[in-house]
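Chain order of the listed sequences is A and B.
Just so we're aligned, residue 1 is where the first sequence starts under my numbering, counting upward by one.
Just so we're aligned, residue 127 is where the second sequence starts under my numbering, counting upward by one.
Hints listed in this document are in silico derivations from the structure and should not be mistaken for laboratory results.
Don't take each hint at face value.
What the hints assert, rightly or not - In silico PhoX-like links for lysine-lysine, alpha-carbon gap of 25 angstroms or less: (1) 20/A <-> 491/B; (2) 25/A <-> 491/B; (3) 290/B <-> 300/B; (4) 240/B <-> 302/B; (5) 595/B <-> 583/B; (6) 25/A <-> 4/A.
Stated by the list, open to error - If you want a taste of the chain B side facing chain A, the calculated C-beta under 10 angstroms gives, among others: (7) 299; (8) 477; (9) 552.
What the hints assert, rightly or not - Negatives, chain B to chain A, calculated, CB over 12 angstroms: (10) 302; (11) 372; (12) 509; (13) 592.
By construction, the Cβ of each residue, glycine as well, lies at the ideal position given by its N, Cα and C atoms.
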Amino acid sequence: MTLKKILLIEDEPLIQTSLKRLLEKRGAEVYVESSGNQAIKLIKSSDFDRIICDLMLQDISGFDILEEAKQRYSTGEIRDKFVIITAYSSAQVLEKAAGYNCQVISKPFDDLNRVLDIFMQEEGSN
Amino acid sequence: MSFTDSKSDATYILSISPTSIIFDKVSDQLNFKNIKLPLTTSNIKNLAYLLTCNSSSPRSTTTELKAKYQKARKKLIGHQKKHLSATNDFVEVQNKYKAYQEVENLYTQLDTIKNLPILLNNLNALKDYNGIQIIIHEKGLTTARSLSLLRENEVSESFISVQKFNSIFSLIKKSKHRLFDQSQILRDEIGVVGTFLAKEFELQKHSIILIASRNDFLPATKEEFDSFFSTTQSLASVFEYLLLRDHLNLKNKKINFALENFPFPLRIEEQQNNNILFENKESQRLQSADHPSLETKTINLYNDYDLIIENPQDFNLNTDLFHHQRISLLGELLNTLQHELSNPLFGLKLASDILRSEPLDDENKDLANQIATNVNRCQVIIKNFSNLYKEDDSSENTSLREIIDETIILTKSESRDIKKIVNYSSQEVEEYLININKTWFTQIFFNILINCSQAIKSKQDVSHQEYIKIDVYLDNNFVNFDVYDSGPGVPRDIENRLFDPFFTTKQKGTGLGLSICKSLAKKMNGDISFERQGDISYFKIKLPITTKETIDHDAKKNTIN
Chain A
1 MTLKKILLIE DEPLIQTSLK RLLEKRGAEV YVESSGNQAI KLIKSSDFDR
51 IICDLMLQDI SGFDILEEAK QRYSTGEIRD KFVIITAYSS AQVLEKAAGY
101 NCQVISKPFD DLNRVLDIFM QEEGSN
Chain B
127 MSFTDSKSDA TYILSISPTS IIFDKVSDQL NFKNIKLPLT TSNIKNLAYL
177 LTCNSSSPRS TTTELKAKYQ KARKKLIGHQ KKHLSATNDF VEVQNKYKAY
227 QEVENLYTQL DTIKNLPILL NNLNALKDYN GIQIIIHEKG LTTARSLSLL
277 RENEVSESFI SVQKFNSIFS LIKKSKHRLF DQSQILRDEI GVVGTFLAKE
327 FELQKHSIIL IASRNDFLPA TKEEFDSFFS TTQSLASVFE YLLLRDHLNL
377 KNKKINFALE NFPFPLRIEE QQNNNILFEN KESQRLQSAD HPSLETKTIN
427 LYNDYDLIIE NPQDFNLNTD LFHHQRISLL GELLNTLQHE LSNPLFGLKL
477 ASDILRSEPL DDENKDLANQ IATNVNRCQV IIKNFSNLYK EDDSSENTSL
527 REIIDETIIL TKSESRDIKK IVNYSSQEVE EYLININKTW FTQIFFNILI
577 NCSQAIKSKQ DVSHQEYIKI DVYLDNNFVN FDVYDSGPGV PRDIENRLFD
627 PFFTTKQKGT GLGLSICKSL AKKMNGDISF ERQGDISYFK IKLPITTKET
677 IDHDAKKNTI N
């Protein structure tokens with residue numbers, strides 16, 4: 001397996017640390033970011049194979065990040081690259097997320113291993 | 127205290143400061159908000175004032191209405207004089223006078239607004255028109271009510287949107303000759319055919335469109351035209367009176383309902399001869415139960431009337447009615463708590479999972495396991511409690527066992543030491559998937575189980591063999607839950623009132639629990655009832671079966687692809 005470069009945007013410290021460690025165990029190279037605005041800068045300046053993005057951040061929402069990402073990526077790339085994680089999976093949120101066609105996973109995860117599988121999936125294989 | 131129409135106009139609010147009782151006009155239901163009612167003398171006087179204003183009580187002709195009537199009548203006579211002096215033709219004067227008299231008779235003839243087109247059709251000036259339509263819009267409502275005379279004495283009722291109403295209204299208002307045919311207003315909302323005359327009215331609380339047609343295509347003659355307008359002009363004050371009366375009647379009906387069900391015994395008597403003018407349910411119940419030497423407190427009202435309050439000590443106790451308020455606050459609190467706690471809890475869970483996968487010595491491994499178990503417990507509790515207060519009307523599939531177990535966990539603190547026995551009639555029933563609004567279901571069960579537990583604890587000699595037993599079985603297209611407990615049972619004299627709002631036997635109860643359960647069960651097209659068979663009694667919850675599927679574990683995964 002090639003070394004996967006993952007950006008994890010999540011502002012809950014313990015979730016951030018734990019997911020980072022779990023993904024690293026699976027052999028990924030993980031970058032973490034708590035601030036949405038900082039994350040946008042990173043997305044614009046570096047290449048990631050996968051971007052895991054929380055919806056509720058302190059500064060901006062995950063949807064703002066997705067919007068900004070459009071400047072760099074096509075809608076198809078956004079669909080394959082991004083995975084949304086959220087604690088607020090209300091109907092409105094799901095509907096809005098469906099507009100980007102990317103995967104949405106609600107927190108807390110029911111099946112951790114399965115979710116890690118999704119994070120580690122090859123782009124476009126789902 | 128005041129009785130006001132709220133801004134939206136879809137509700138009436140009865141405020142007995144600081145309490146509000148809200149009547150939902152649309153669903154015809156009562157809601158109680160901010161229930162905390164110190165029953166001071168002045169509040170009771172206010173209540174009694176409402177009672178005496180009530181049209182269904184013997185003192186029915188309210189002064190307010192009378193004044194309105196007088197005013198409307200005066201206006202009518204004014205119209206009359208103006209028109210009489212403007213004309214010299216004696217016959218015309220006589221005809222017009224007749225027409226006015228007819229209109230004036232409307233004040234007393236009309237029983238319900240719905241019959242208005244029939245009465246209008248009886249007027250001399252309108253009797254040749256077999257198509258009469260009246261569209262009434264009460265300001266603030268989103269629909270207007272349309273009443274069309276179909277055949278003699280038959281009125282069809284429909285509703286049109288306020289936008290359509292307004293466009294027709296302004297079209298008529300702008301028109302000079304008020305004569306239309308359907309090439310000008312070709313709308314489904316107009317229930318007449320051919321040419322028609324139309325007039326619009328702008329009243330205090332309503333806008334009205336009156337349409338008259340002979341259902342043919344001949345334009346109206348000048349005489350018809352004149353007679354139509356001279357009569358309809360005087361109709362405005364009649365409409366005003368009738369609609370306001372209707373409005374007030376409806377209000378009174380609602381007030382009456384509230385007072386009937388008011389949790390304290392109230393009675394109004396005439397001073398002179400002790401005739402009872404009004405007595406609410408609670409008062410009647412106390413009377414019929416023949417309570418020995420019921421103490422009463424009398425408050426003098428408006429010279430002629432006495433308000434009798436039975437058992438005034440109960441009043442003074444009055445009153446922890448804060449309960450309801452506390453509950454709704456609790457709901458909000460739990461929601462916030464859930465959102466604030468679930469993220470850090472999830473972090474803890476992930477971290478404990480990592481710890482558990484590390485090579486640890488037995489002691490530490492055990493600790494890590496315990497952390498994980500407890501985090502899970504916290505997550506489950508938070509989730510279940512927030513389900514209890516979640517406001518939604520969506521339904522989901524859940525197995526009977528799962529939802530009953532969840533609810534039992536919630537009642538743990540109240541039902542400690544009480545054995546819970548759930549008997550499913552078969553394995554199949556236990557695994558049965560029911561499509562249900564979990565929040566509502568949990569609320570009903572939560573209430574019943576708490577009631578059972580409290581009843582058991584109220585016994586003198588609580589033993590170690592106390593139990594709550596739930597029999598679950600299918601029956602026609604319903605799933606039945608029969609709930610028994612080892613408590614003292616429901617006294618016969620109160621069993622008919624268990625589901626009445628405000629009825630309670632608990633010192634600190636609101637009396638709303640079971641009545642809320644009932645309305646929730648009804649919302650789910652089911653029912654809840656109290657059943658008695660000989661010495662055995664139980665609560666029966668009956669809910670319709672909406673789906674039957676095998677349990678699909680994949681459907682419960684949280685991942686959405």
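Hints, verified against the model:
| no. | hint | verdict |
| --- | --- | --- |
| 1 | 20/A <-> 491/B | holds, 22 angstroms |
| 2 | 25/A <-> 491/B | holds, 20 angstroms |
| 3 | 290/B <-> 300/B | holds, 16 angstroms |
| 4 | 240/B <-> 302/B | violated, 29 angstroms |
| 5 | 595/B <-> 583/B | holds, 16 angstroms |
| 6 | 25/A <-> 4/A | holds, 12 angstroms |
| 7 | 299 | violated, 42 angstroms |
| 8 | 477 | holds, 5 angstroms |
| 9 | 552 | violated, 29 angstroms |
| 10 | 302 | holds, 51 angstroms |
| 11 | 372 | holds, 41 angstroms |
| 12 | 509 | violated, 9 angstroms |
| 13 | 592 | holds, 37 angstroms |
Of the numbered hints listed earlier, those contradicted by the structure are 4, 7, 9 and 12.
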